[in-house]
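Undergrad: Model the full assembly from the supplied sequences, consistent with the hints where possible.
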Amino acid sequence: MGDYVDRGYHSIETLLLLLLLKARYPDRITLLRGNHESRQITQVYGFYDECYRKYGTANVWRLCTELFDYMPLSAIVDEDVFCVHGGLSPQLMQVEEIKMLDRKQEVPHEGPMSDLLWSDPDADVDGWANSQRGAGFVFGAAPSKQFNALNGLTLIARAHQLVMEGYKSMFDDNCCTVWSAPNYCYRCGNVASILEVGDAPGMSRNVVLFGAAPVESRGHLAKHPPPEYFL
Numbered sequence: 008m009g010d011y012v013d014r015g016y017h018s019i020e021t022l023l024l025l026l027l028l029k030a031r032y033p034d035r036i037t038l039l040r041g042n043h044e045s046r047q048i049t050q051v052y053g054f055y056d057e058c059y060r061k062y063g064t065a066n067v068w069r070l071c072t073e074l075f076d077y078m079p080l081s082a083i084v085d086e087d088v089f090c091v092h093g094g095l096s097p098q099l100m101q102v103e104e105i106k107m108l109d110r111k112q113e114v115p116h117e118g119p120m121s122d123l124l125w126s127d128p129d130a131d132v133d134g135w136a137n138s139q140r141g142a143g144f145v146f147g148a149a150p151s152k153q154f155n156a157l158n159g160l161t162l163i164a165r166a167h168q169l170v171m172e173g174y175k176s177m178f179d180d181n182c183c184t185v186w187s188a189p190n191y192c193y194r195c196g197n198v199a200s201i202l203e204v205g206d207a208p209g210m211s212r213n214v215v216l217f218g219a220a221p222v223e224s225r226g227h228l229a230k231h232p233p234p235e236y237f238l
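Residue numbers for the sequence shown follow the numbering used here, beginning at 8 and rising by one.
Don't read these hints as lab results, they were simulated from the structure. Heads up, the beta-carbon is just placed ideally off N, CA and C, and yes, glycines get one too. Be a bit skeptical, because a hint or two may be false.
Cβ-Cβ distance ranges computed for the label pairs, FRET-style [said to hold, decoys possible]:
(1) Asp131 - Thr64: 43 to 49 Å
(2) Glu172 - Leu74: 30 to 36 Å
(3) Lys175 - Pro79: 20 to 26 Å
(4) Val222 - Met100: 43 to 49 Å
(5) Val214 - Asp131: 21 to 27 Å
(6) Gln153 - Ala30: 34 to 40 Å
(7) Gln50 - Glu86: 37 to 43 Å
(8) Leu74 - Leu157: 31 to 37 Å
(9) Lys106 - Gly196: 36 to 42 Å
(10) Thr64 - Asn213: 16 to 22 Å
(11) Leu25 - Val215: 25 to 31 Å
(12) Arg31 - Gln153: 34 to 40 Å
TA: Okay, structure coming up:
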């Protein structure tokens, strides 16, 4: 669900592995776009520097960012689970409206496309509120339940926010956060998770938790640590 880069020392290897899996299993792998699949963000949070350091040129970074423009913004699993990187937009309450967006562009600073990649749920907000991130919105239980009801869905599955326990359910299980980067930034100490969804609507879901790989199995680390990121 996005943010395949800027999340550690091996962004390019992570992205290439996912692309190889997509090429090998095109009908079984879907790579959604996150807010870090962006030219502007990757120049700040490490992916540009990593590509230049490893290849001696910015061409690899440029080709990757061109690829990012073609990644889908959302997906629906088994007509039941709405998957998106960030969250909802007050301008998009029908799934069909997302198909009308021109996604083949750099992530804009505002608007519905930006909202899908930047928004966050918040239990202290019932409706909508401005986000401290400077992009997207904060949304509460009411928009989540309304969105699911209007579109015949039962769950909004998203990423975007660090969850120390790896997985967090909100709004009477109408929304969840799935965080899949263990020990984020090599210092947070969090576990990570994946969400397994049944083969038919309404079937049970299973959360699988996992920790970081042993240090000795990660290979050589880059000379420069990843930059601090707003958690």
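Undergrad: With reference to the structure, classify each hint as holding or not holding.
TA: Each hint tested on the structure:
no. : hint                        : result
1   : Asp131 - Thr64: 43 to 49 Å  : holds (47 Å)
2   : Glu172 - Leu74: 30 to 36 Å  : holds (32 Å)
3   : Lys175 - Pro79: 20 to 26 Å  : holds (24 Å)
4   : Val222 - Met100: 43 to 49 Å : holds (46 Å)
5   : Val214 - Asp131: 21 to 27 Å : holds (24 Å)
6   : Gln153 - Ala30: 34 to 40 Å  : holds (38 Å)
7   : Gln50 - Glu86: 37 to 43 Å   : holds (38 Å)
8   : Leu74 - Leu157: 31 to 37 Å  : holds (32 Å)
9   : Lys106 - Gly196: 36 to 42 Å : holds (40 Å)
10  : Thr64 - Asn213: 16 to 22 Å  : violated (43 Å)
11  : Leu25 - Val215: 25 to 31 Å  : violated (18 Å)
12  : Arg31 - Gln153: 34 to 40 Å  : holds (39 Å)
Going through the hint list in order, the structure does not satisfy hints 10, 11.
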